[in-house]
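S.K.: Using the sequences and the accompanying hints, generate a full structural model.
So the chains spell out like this:
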Amino acid sequence: KAGVTQTPRYLIKTRGQQVTLSCSPISGHRSVSWYQQTPGQGLQFLFEYFSETQRNKGNFPGRFSGRQFSNSRSEMNVSTLELGDSALYLCASRQGTSGIRGQYFGPGTRLTVT
Amino acid sequence: ILNVEQSPQSLHVQEGDSTNFTCSFPSSNFYALHWYRWETAKSPEALFVMTLNGDEKKKGRISATLNTKEGYSYLYIKGSQPEDSATYLCAPNFGNEKLTFGTGTRLTIIP
Numbered sequence: 001k002a003g004v005t006q007t008p009r010y011l012i013k014t015r016g017q018q019v020t021l022s023c024s025p026i027s028g029h030r031s032v033s034w035y036q037q038t039p040g041q042g043l044q045f046l047f048e049y050f051s052e053t054q055r056n057k058g059n060f061p062g063r064f065s066g067r068q069f070s071n072s073r074s075e076m077n078v079s080t081l082e083l084g085d086s087a088l089y090l091c092a093s094r095q096g097t098s099g100i101r102g103q104y105f106g107p108g109t110r111l112t113v114t
Numbered sequence: 001i002l003n004v005e006q007s008p009q010s011l012h013v014q015e016g017d018s019t020n021f022t023c024s025f026p027s028s029n030f031y032a033l034h035w036y037r038w039e040t041a042k043s044p045e046a047l048f049v050m051t052l053n054g055d056e057k058k059k060g061r062i063s064a065t066l067n068t069k070e071g072y073s074y075l076y077i078k079g080s081q082p083e084d085s086a087t088y089l090c091a092p093n094f095g096n097e098k099l100t101f102g103t104g105t106r107l108t109i110i111p
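Quick mapping for you: the protein sequence lines, in order, are chains W and E. For the record, in the first sequence the residue sitting at position 5 is 5 according to this note's numbering, with numbers rising by one throughout. For the record, in the second sequence the residue sitting at position 107 is 107 according to this note's numbering, with numbers rising by one throughout.
Treat the hints as calculated values from the structure; they're not laboratory data. Any given hint could turn out to be false.
30 Å max Cα-Cα, derived DSSO-like pairs, lysine-lysine [what the hints assert, rightly or not]:
#, chain 1, residue 1, chain 2, residue 2
1, E, Lys-78, E, Lys-42
2, E, Lys-78, E, Lys-57
3, E, Lys-69, E, Lys-58
4, E, Lys-42, W, Lys-13
5, E, Lys-78, W, Lys-57
6, E, Lys-57, E, Lys-69
7, W, Lys-57, E, Lys-42
M.R.: Set out below in structure tokens:
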């Protein structure tokens, strides 16, 4: 099976712009989660989607939003970019949302905001 | 906010030596614990998932134990090899579907 894919892999944006990141899960996985990683921080949970519905949400401002399509692909949008949004954004997929289900991670999108 | 702590933050180990590190988490409402290995320039990769107190899992030279009553898990690496260099992340779950990741232990194996 193909793994989790994320596009683009690298992105440079200017403060105030918006950005959309894409994630295609492993075939058959209906759950997609998004994480942000900044230097010195662990993986900070953004949100999780399952069957096109947001199941869980982390403590991020409303500028961060996401959605999931009927084919389970997911997009994450960040509006009005700030310098502090520069980070590695990882998505992860799993078959269900049970806490016992491990996640399969994509390679990440490295976002730099200047 | 759930407090998941991993110690030490970083570790340098001579090739061939064995090592271990810790993940501490709140014991109440515990449901499952996941361990991941994250090598530089790669994606985090699942190592183990454990649920029961006293659980012990093994994968090659890597093993993990779980104490749900006191809220900790140990990861052990026997006979460290250069390919073990990575950041090791733990992620407990408390029955609410979310995985809460610790900040990781960065392991460097010195040849």
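S.K.: Find the hints from earlier in the document that the structure breaks and name them by number, from lowest to highest.
M.R.: Structure breaks hint 5 only.
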